[in-house]
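Model the full structure from these sequences, guided by the hints.
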Amino acid sequence: MSGTNSPILELNAISQAYDNQLVVKDLSLTLEAGEIGCLLGASGCGKTTVLRTIAGFEPLLQGEIQIAGEVVSCSGKMLSPAKRRIGMVFQDYALFPHLTIFDNVAFGLRGIGRVESLRRVNEALELVGLYAEHKKYPHEISGGQQQRVALARALAPRPALLLMDEPFSNLDVSLRERLSMEVRDILKENGTTALFVTHNQYEAFAVADRIGVMAGGEILQWDSAHNLYHQPVSPRVARFVGEGELIAGVISAAGELTTGLGLLRGNLDDTRPIGSTVQLLVRPEDVVHNDESLLKAEVLRRNFRGASILYHLLLQSGDRVQALVPSHCDHQPGEKIGILPDVRHLVTFPCLPGDGCS
Amino acid sequence: MPIPGSHSAGGLLQGSGRRIRWLSGWQWVVLLIALLVLMPLSVLFLAWLEPAWDIWRHLQQTLLSRLLLNTFQLLIGVSIGTLLLGVGLAWLTGACDFPGRRHFSWTLLLPLAMPTYVLAFVFLGLFDFSGPVQTQLRTWFGPGVWLPEMRSAGGVILVMTLALYPYIYLLSRNAFRTQGKRALEAAQSLSCSPMAGFFRVVLPMARPWIAGGTALVLMEVLADFGAVSIFNYDTFTTGIYKAWFGFFSLPAAAQLSSLLVVLVFGLIVLEQKLRKRMRFSQSRLTPQAERIQLHGWSKWGATAACSAVLGIAFVLPTLQLLRWTLSIFHQEFNRRYLDLLGHSLQLGLSAALLIVTVALLIVYSGRRHNDRLTRLLIRISTLGYALPGTVLAVGIFIPLAGLDNLLIDLARSLFGIEMRPLLQGTVFVMLLAYLIRFMAAGFKSIDSAMHRVTDNIDEASRLMGLRGLRLLWRIYLPMLRGGIFTALTLIFVDVMKEMPITLMTRPFGWDTLAVKIYELTSEGEWERAALPALTLLLSGLIPIVLLMRGTDD
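Protein chains in written order, with the numbering used here: chain C, 1 to 358; chain X, 359 to 911.
Hints were generated in silico from the structure; no laboratory data involved.
Be aware that a few hints might be false.
[What the hints assert, rightly or not] Pair by pair, the computed Cβ-Cβ distance ranges are:
#1 715(X) / 142(C): 32 to 38 Å
#2 143(C) / 734(X): 33 to 39 Å
#3 142(C) / 630(X): 27 to 33 Å
#4 26(C) / 648(X): 24 to 30 Å
#5 630(X) / 131(C): 47 to 53 Å
#6 135(C) / 659(X): 41 to 47 Å
#7 906(X) / 112(C): 47 to 53 Å
#8 116(C) / 809(X): 37 to 43 Å
#9 17(C) / 434(X): 47 to 53 Å
These numbers were taken from a predicted model, which means no experiment stands behind them.
From the three backbone atoms N, C-alpha and C, an ideal C-beta is built for every residue, glycine too.
Dropping the structure here:
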């Protein structure tokens, strides 16, 4: 499917409201064939509403939704979910408890003949590695297996688009990580176009090609995981994705920034005039521990993470930064430690009143 | 799980294996009750040793085919009716949302408070040829207008459907409640239309609960005596009554009873089979599943449907009872009524206390001994709910009368004394029959409360040296208080409403409200039956209120 170029999913400025309150505002996005998209946001940001609207469970207030070139929702029109060529993995999986795994997966296959249907079920079950369990009932298999059955059931009818609602939230943490990578492999192997929603950024990173960070019913940034982390478009995205702090800085020359961490040189995209005050994003890995360094910072808090320790540091300038340091460098709160900035890419934002920069 | 030191008293019994095991004191109690349940059953089947051919010939010529036909007609008609009403209303109030849903959700249970025979005579009084409705219609449309005959198979089916649909409603509503709209959405995401999804997913997912409710309904239909006798609609139960009190042939009554028992147990086996084939647990879903919002006409249609059922099955008959009661209150509210009420209350209370005590012992015994033998004995002990009252009356009376005769003979031959019957014509016979019939109600309430006493609580108290009766008294009883209270109420009300056992085995002068209703309605005295009926209706509301408290919304 990688050869085609037409978008599989297109949302054009869709809006959605409950009880006269807008929960989705003018939201647009596009998914190409074979792409995995993700809507990432805190609960209540409207991400699940978007998913349910695409599935056809909720009517649209404004805008237009196209799936595989066909308009399925616009104001006044709403194609029934059954006719949208979508597959859906529900948060609680919604497996049918009265049917075996096999019958669950076969449920959506009708009108294609017994032989073809059998072949597709087997194919789907093999894809998720659960062929051996096909005679069991949903309550007889583990949560991780149930999740994969839900995936197989949604994939078996070969939908144009797969939707997944918080697909990993019912699993325990260790399983979550393993399964999210597995699911990505399965979708990629199958060439499936998929959109899922989650509140967990590590799931989004692990599975998605493109991630939309959502807040207040809007997409703040629609981008790859790498870009979201390294080139956030706003302080909000920067705070939501990954760790780190924003500290004040002044553009002292072209490509130079004076901050509480000293003079920083690097790849600076900021076109504001020299002398402007800006905010600089400092990720924990941008601050390196070095006992020789003259730049000292006080340890405020420490968070032991096994291989490394995350230190919350107070700079002499009064700014706070975080530093991710190998855990053999063991310091206690109150100690002063030497640090060096190692900021390759200077991500800056305009300094707005109320942001706390001077 | 055998607990060291629990093998205190006991005797020998052949276990399921080759091993011979000791029964503890607790197990003896269960064994005793199990034998008590088996006694009437075996008596009924032993009655075939001397078949009452002359009466059977008579039955065969006149009654038997009609009796069988009527019974099956009733079973089929009522199951279709209660399934439509019960499942439909349960899905609406369980999975959907529409105006008034919260209220209907529990008010639709109210018909449970109305004994079937009360609904039966109110409907006859209202809709019969000489009743106000048909009279009014004839004055409007002329005397030649065709109106359906109430006193017919259709009439009985209608009354029983309206009285019994809550069993299916109650059980399947919980199933639909946990489904919410998710199941239907999942089906839709797999290209099912909502209608197809309803039949392929929503209904099959609730099937075990629907089947359970239907089995209960059918048992009630087979056991019903009051409603069918008011309608003069002969079924097995009225046949049994007639064989005993019309032909004065206990053997014939016993033989008819045994046929009915076969039917009932056929039903139980069928239900167990259905359940076993579909033993799946509801996935650990949130109980607060989202509901389907109904819009437009379907929203008001749902409200109208619920109002109509509630109106016909409960509001209308209650109002009619009130009207009748008001018109006769000054002459019927008298010494006689208070006597009847007193008898009903006394019987209800003493039966409730007796049954709850025995149920407690059984539950505790099941807790202490979780082996196959004990489980089997407990199952047998609680099987009596399936035995129709008429059947039990016959099955209890025969052996007790035999025992009486034996005692009289013994007294005469050994001591030369002429003894009067000890047991016949005493309240003891009734209580014994109640004990068998209503044991399940007591057992279930207390047993489900017992699940709250976890094994850890048990072990903690044992570590502190509590055992046996002291453990029961200090830990279990306080924790089981709620369950015991529920059991007492349920049994009390069931006994108050009970008709055939009381009618057939009551001692002289022990008429109750239910018996009075039987006597009055068999003479067509609807108005005079209204006061006792209203009293029973009020008492029947108590467990409904308890039930409401137990449901979330």
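Here is what the structure says about each hint:
For residue 715(X) paired with residue 142(C), a C-beta distance near 45 Å fails the hint of 32 to 38 Å. For the hinted restraint 33 to 39 Å between residue 143(C) and residue 734(X), the CB-CB distance of approximately 36 Å keeps it satisfied. As the Cβ distance of residue 142(C) to residue 630(X) is approximately 30 Å, the hint placing it in 27 to 33 Å holds. A hinted range of 24 to 30 Å for the beta carbons of residue 26(C) and residue 648(X) is consistent with their spacing of about 26 Å.
Taken as a hint, the range 47 to 53 Å is violated for the pair residue 630(X) and residue 131(C), whose Cβ atoms sit roughly 33 Å apart. Checked against the given bound of 41 to 47 Å, the beta carbons of residue 135(C) and residue 659(X), roughly 42 Å apart, stay inside it. Between residue 906(X) and residue 112(C) the beta carbon distance is about 49 Å. The supplied range of 47 to 53 Å therefore holds. For residue 116(C) paired with residue 809(X), a C-beta distance near 48 Å fails the hint of 37 to 43 Å.
In this structure the supplied range 47 to 53 Å holds for residue 17(C) paired with residue 434(X), their Cβ-Cβ distance being about 51 Å.
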